[in-house]
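Asks: One-letter residues, chain by chain:
Protein chains: 2
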Amino acid sequence: MGEESQAEFMRRAIRLSSDNVRRAGGPFGAVIVKGGQVVGEGCNRVTATHDPTAHAEIVAIRDACRRLSTFDLSGAEIYTSCEPCPMCLAAIYWARLERIHFANTKEDAAAVDFDDHFIYEEIGRDPADRAIPRNQLLRDEAIKAFEDWTAHAGRIRY
Amino acid sequence: MGEESQAEFMRRAIRLSSDNVRRAGGPFGAVIVKGGQVVGEGCNRVTATHDPTAHAEIVAIRDACRRLSTFDLSGAEIYTSCEPCPMCLAAIYWARLERIHFANTKEDAAAVDFDDHFIYEEIGRDPADRAIPRNQLLRDEAIKAFEDWTAHAGRIRY
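Those sequence lines, one after another, are chains G and R. Take 1 as the starting number for the first sequence in the numbering used here and just add one per residue. Take 1 as the starting number for the second sequence in the numbering used here and just add one per residue.
Hints may contain errors.
Since the list gives no way to pick out one identical chain from another, each pair is judged satisfied if it fits inside one copy or across any two copies.
[As the list claims (entries may be wrong)] In silico BS3-like cross-links for lysine-lysine, where the CA-CA straight-line distance does not exceed 30 Å:
1) K34 with K144
2) K34 with K106
3) K106 with K144
It should be emphasised that the hints constitute simulated quantities derived from the structure, not laboratory data. None of these values were measured; they are calculated from a predicted model.
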């Protein structure tokens with residue numbers, strides 16, 4: 001894929017981000033590309049849909065998976081108008097995307113009050129030192145579902 | 001909240017995980033609780049809905065936000081049948097949940113082939129050293145949407 005089409009795909013992601021601002025939505029857009037074609041796209045819908053997980057990258061991944069009827073985007077790449085937050089970065093791994101193209105940086109995002117630096121730090125910490133407290137209970141009951149899963153002949157691995 | 005009701009909420013999350021295995025879905029369930037009431041719940045729907053982001057915690061957060069018409073779950077807690085992966089952990093921060101109750105551990109999950117250890121490691125790495133390559137382009141064009149956002153009087157901050 002040449003430089004020109006990479007710029008085209010990124011401009012589409014940027015346009016999604018700008019259009020969203022006009023609707024008072026967060027300034028983020030993303031496009032999923034496979035085989036030189038756009039197979040999914042999205043913009044930030046957190047406030048519009050009351051969904052804190054509706055970051056542009058997540059919306060675009062869900063859109064591509066719906067269109068392609070798969071949960072596996074191997075061979076596809078993401079163009080996002082801003083460097084992904086930890087949630088979106090992890091989602092990119094789960095979706096098996098193969099390259100991340102981005103424009104604005106985390107530092108640019110922090111400068112307009114979208115600061116995911118805190119979450120990157122938290123994830124890297126020992127669980128006991130994180131800001132959100134944890135409490136383990138009933139592992140002896142929960143483990144049964146894992147055993148049932150292992151024994152389930154029809155399970156679909158992912 | 002006493003020990004007994006914590007156990008009740010966790011048993012509900014565990015039941016969601018077990019019921020899902022019977023449908024050949026991943027062995028994960030989650031419940032969101034606010035003010036002593038269940039306000040959202042979910043199980044892993046990755047394969048059932050072709051959505052790699054549909055982990056139990058994400059599904060439960062989206063369900064609670066839809067029911068409560070908010071993207072902010074401050075004051076709520078999550079009960080999840082298994083320790084969250086990095087995507088779900090970051091989503092828990094974005095949703096502003098205040099406590100994480102879990103049963104099975106990451107190590108239990110890895111033992112039945114759900115291994116998110118790799119993703120935890122990747123997120124902690126310097127971006128240049130990660131397995132998924134990155135490519136920055138067109139920041140000069142993308143930054144315009146951030147400027148527009150800052151200038152937008154009607155923007156809803158989150």
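Asks: Hint by hint, note whether the structure agrees.
Replies: Results for each hint:
In this assembly of identical chains, K34 and K144 lie within 30 Å of each other by CA distance solely across copies; the values are 27 Å between and 39 Å within a copy. Taking the shortest alpha-carbon separations for K34 and K106, only the intra-copy value of 25 Å comes in at or below 30 Å, while the best inter-copy value is 32 Å. With identical chains, the CA atoms of K106 and K144 are at most 30 Å apart between copies only, with a shortest distance of 15 Å across copies and 41 Å within one.
Violated hints for the displayed structure: none, as all numbered hints are satisfied.
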